[in-house]
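Student: Listed here are the chains, written in short residue letters.
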Amino acid sequence: MTVGVVHFLFVGAFLFAAGAFVAARRPSLGAALAGVPLLLGGAGLDLVAADRFTASFRDPVGGQGFAIAVAVMALAFVGLGSVLARLETPR
Amino acid sequence: MDTLHSVLFYAFAALTVGGGLVTSLLGGRARALGVAAVGVGLAGLYADLDAGYAALVILVALGACAVLLLGLAGPRFAAADLEPAGLARQLGAALAGVVFLALAYVAFRGRYAGGTASIGAVNAAAVGRLLLGREALGVEALAAALLVAVAAGGLIARGRPR
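Chains A and B, in that order, are what the protein sequence lines are. Those letters in the first sequence? Residues 73 to 163, by the working numbering. Those letters in the second sequence? Residues 4 to 165, by the working numbering.
Simulated from the structure, these hints should not be mistaken for laboratory data. We put the CB at the ideal spot given by N, CA and C, even for glycine. Careful, some of the hints might be misleading.
Simulated coverage check for chain A against chain B, where a stretch passes if three residues somewhere in it have a Cβ under 8 angstroms from a Cβ of chain B [claimed, not checked]: (1) 77 to 88; (2) 101 to 114; (3) 117 to 124; (4) 137 to 151.
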């Protein structure tokens, strides 16, 4: 029952596709916003997995740095989008 | 990876996939809870990959995303949430399935499975060399697809009633 990089890539691919599905499916901004953390979370998981399984001694945590940047980017996107959704929706 | 890591992987992968399904298929507060479940699952997977600090960051970031989405789940936003999706959006949602199949094919049949895709250090310079060198054709194809998507998005936005 060995877990390799393929398993992590598969979960990341599912998350990325689920995020694209959510973002494309609903016309409202608030509903589509839920796809952004899934999209970027899948990408981040692939980065960390690639880092863990292929990293060299020169820069063993480079992929983790990218993954952290992607996670913060997801939070920024959702924060900005939620403000826009509140401005766009009539009270 | 040993058995404990494998058990942890399957447990957190199940939580992540379950959260993704809930987010994809349900609406309202359940969608925000699905994002929170994905955050917990991803944090567990990162910790399983010995990336503790990144696990903490993704847990906080996706937890905050879930709180923000919970704020958009009230009755004020319910009407917009139930608007029917047009044909273009349904086609886009179906294309997400094609994206998943393509990515899964790359994961299983690509060079990563054989362990021959090592690019050494994962830093900005290495990624730049990889994207503009060996994988230049794929990057160009993706860039063309992104350009078409942006142009189509602009046309759709211009056609929306104000």
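Student: Under a C-beta cut-off of less than 8 angstroms, do 3 or more residues of the stretch 77 to 88 of chain A approach chain B closely enough to confirm the stated coverage?
Tutor: The restraint on the stretch 77 to 88 of chain A holds, since 12 of its residues have a Cβ under 8 angstroms from chain B and three suffice.
Student: With a cut-off of 8 angstroms between beta carbons, are at least three residues of the stretch 101 to 114 of chain A near chain B?
Tutor: holds (count 10)
Student: Can you confirm whether chain B covers the stretch 137 to 151 of chain A, using C-beta to C-beta distances below 8 angstroms and requiring at least three such residues?
Tutor: holds (count 9)
Student: Check, residue by residue, whether the stretch 117 to 124 of chain A contains three or more positions whose beta-carbon lies closer than 8 angstroms to a beta-carbon of chain B, and give the verdict.
Tutor: Our answer is that it holds, as 7 residues pass the Cβ test (under 8 angstroms) against chain B, meeting three.
Hint compliance for this structure: every hint is met.
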